[in-house]
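Undergrad: Taken in order, these protein sequences are the chains called D and U.
Each residue of the first sequence is one higher than the one before, starting from 1 at the first, in the UniProt record's numbering.
Each residue of the second sequence is one higher than the one before, starting from 1 at the first, in the UniProt record's numbering.
Treat the hints loosely; a few may be bogus.
Stated by the list, open to error - Reference excerpt, derived from the structure (chain U facing chain D, CB under 7 Å, subset only):
id : residue
1  : I136
2  : A152
3  : L240
4  : L281
To be verified - Derived list of chain D stretches under chain U, where covered just means 3 residues or more per stretch with a C-beta under 8 Å from a C-beta of chain U:
id : stretch
5  : 20-28
6  : 115-126
If you are wondering where the hints come from, they were derived from the structure by calculation, not from laboratory data.
Yeah, the Cβ is synthetic: ideal placement off N, Cα and C, and Gly gets one too.
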Amino acid sequence: MLSYFIRRLAGAIPTLFLIIAVSFVLVRLAPGGPFDKERKVPATVEAKLIEKYHLDEPLPQQFARYVAGLAQGDFGPSFKYPDRSVSELIGIGFPVSLTLGLSAIALALAAGIGLGIWAALRQNTWIDYLCVGTAMLGIAIPNYVFAPLMTLVFGLMLGWLPVNGWGEPRHMVLPILALAIPQVATITRLTRASMLEVLNSNFVRTARAKGLPEMVTLLRHTIRAALLPVVSYLGPAVANIVTGSVIIEEIFRIPGIGRYFVQGAINRDYTMVLGVTILFGALIILCNLIADLCYSLLDPKVRYD
Amino acid sequence: MTDAAMVSPRGEVKGRSLWADARRRFLRNRAAVAGLVVLAVVTLLSFGAPFLGLRAPDDINWDMISAPPDYAQGYYFGTDQNGRDLFVRTLYGGQVSLMVGLVATLVSLVIGTLWGASAGYLGGRIDNVMMRIVDILYSIPFVFFVILLTVAIPRNFIAPTMLMYLAIGAVSWLDMARIVRGQTVSIRRKEFIEAAHASGVSSWHIITRHIIPNCLGPVVVYMTLTVPAVILTESFISYLGMGVQEPDSSWGTLISEGVNAMEVAPWAVIYPSGVMVVTLLALNFVGDGLRDALDPKDR
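This is chain D alone, in the form it adopts within the complex:
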C-alpha cells in the first residue's frame, strides 16, 4: 500500500513538471508584453522593468529561475499588480475558492449518492423517473445558465438571497448550488446505474438468501460495492468543480483564484495565469491520487503491492 502510494507520487511529479513546462512555454508565446499599455512607458523605464522581471534572459534560464522559485512556493511577481506577488494573491483567493469548492463537492456527494440510491431502490416508480429526469436536465443545463437564472429568481424576483458578494453564509448559497448541480446530476446517474447492477449481482442474492435483513444487506454489501464508480469519478468531479468555479466566481463576483485566472487571461498577466494553472493542475493530480487510494481501500478486489 505504502509502496503503491510512493510510486504514484513519483509518477505525479513528471506530470506536474510537464504542466509547468507546457504552460510556461505557451504563456511566453503569447503576443503582447505585460507592459503594452495604452500609455507608452519611457524606454528607460521599460528597460528597467524588463531587467527587473528578467525578461531579457533566454527562455531556459527564465524557466529554471521560475521552477526554482516554485520549489520555494514563490510564483513570481504579478505583472498586473506590481506591488504584489502571485503567491500573495493566491494566498488571498485560495481559501475562498477552497471553501466554495469543498462545499460544492460535499453537497454533490451527499445529494448525488442519496438520490441515486433512492432512485435505484424505487426503480421504475415516479421517484425514479423524477430523479433520472432531473439528473438529465442537470447535465444538459450548463451552470452558467443555471447561475443567472437562480439569481434572477431568488435574488431579484424573490429577494431572498444576495446576487453577488462574498463573506457571509447567505452569499454562499447560490454559488455552491450552481457549482454543485451538474455534479449532483452526474453522481446521481452513476450511483443509480451501479446500484441497479449490484442489486442484481450474485453476492447480494447470497446475502439475502442467507437471511440477512434487507437493511444490513444494503449497508454492508450493496452500497459499499455500488459506490466504487462514484469514488473513481471523484477525480474528474474535482476537475469539473475547479473548472466550474472559474465561471461561477466570475458570475457571482467572488474574489477567488478562478476570477484571478480570468482577469489574468484578459489582462495578459502572465505569471498570474501561469501560477493558477499550475496550482489547479497540482490540485487535480492530488485529488486523483486521493481518489485512487480511497478506491483501493474500498475495493476488496484491488490489491496494490
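For this one, chain D is given, so just place chain U on it according to the hints.
TA: The following block gives chain U in isolation, referenced to the frame of chain D:
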C-alpha cells in the same frame, strides 16, 4: 457475430448484421428518435439560415432595441441591445456551436482511434509508453489549456473560431484513445477471433469483419457523448469572452450577452439557452439510445 451464426453454409438466409439489429433497437427507443428529430431540425435550421430569407445576423433595427418577441414583425426571439434579431443570431450561433461539436469530435475521433488502436495492437512497451502519455495529459486541467492556447496564439495567425475547433479537438481525444485501446486489447484475445484464426480467416478479414465492428459500438456511443461535452466547453470559453469574437456569435456568447441584460430583457437569455439546452438534451438522448442499441451486454 450474429451474422456469422445466421448465414447458412450456402448463404441463402439473409443474416441480420450488428448494425441492422442496432438500428431496429434504436428506432424502437422513442426518446432517442425524438432526440434525433430535434437534432435534425436544429441542424437544418442553423445551416439553412442563410437560405431561409431571414434578416442578416448583423442587421440592426434602430426601432427595435432590446425588444421582446414580436411575431407580427418576425422577431421570434426578440432583439438584443443592438437591435439585432436574436432568432437569426441564435441560428448562426448554432452553426458555430454545432461545427465545434462536429470538428472537435472528428479530430478527437481520428487521433484517439489511431492512438488507442496502435497502442492496443502493438502492445508491450510501446503500449505502456503511449498510455502513460495519455495518463499524464489526462491530469492536465484542459479547459485552462484551451484558454491558454486561445490567449497565446495570435488572432491574425488563425481565426479564433477555427482555433477553438482545433484546440478543443486536440485535448479531447484522451478518453477515445483509452476506450479504443481497451476494446482492441480485449477483442484481440476473444474466442471468436481465435475461432476465426483457426478456420483460416485472413488477418485483414479478422480486423475488418470482427475487430473494427466491435470497436465501433463504444466509439460511436462515446462520439455522441463527446459532442455535447465539446459544445459545452466551447460555450464556456466563449461565455468568458475568450472564444468566438464579435460580430460572430455562438450559443456561449449569446447567453453571456443575454445574462448581462437579464433584468430588462429576459428573452435574450431564455431563448438562446433554451435552444442550447434542448439540443444538448437531444444529443444525450441519442447517445443513450445508441448505447442501448449497440451495447452487446444488454442483448
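Undergrad: What are the numbers of the hints the structure violates, in ascending order?
TA: Checked against the structure, the only hint that fails is number 6, while the rest are satisfied.
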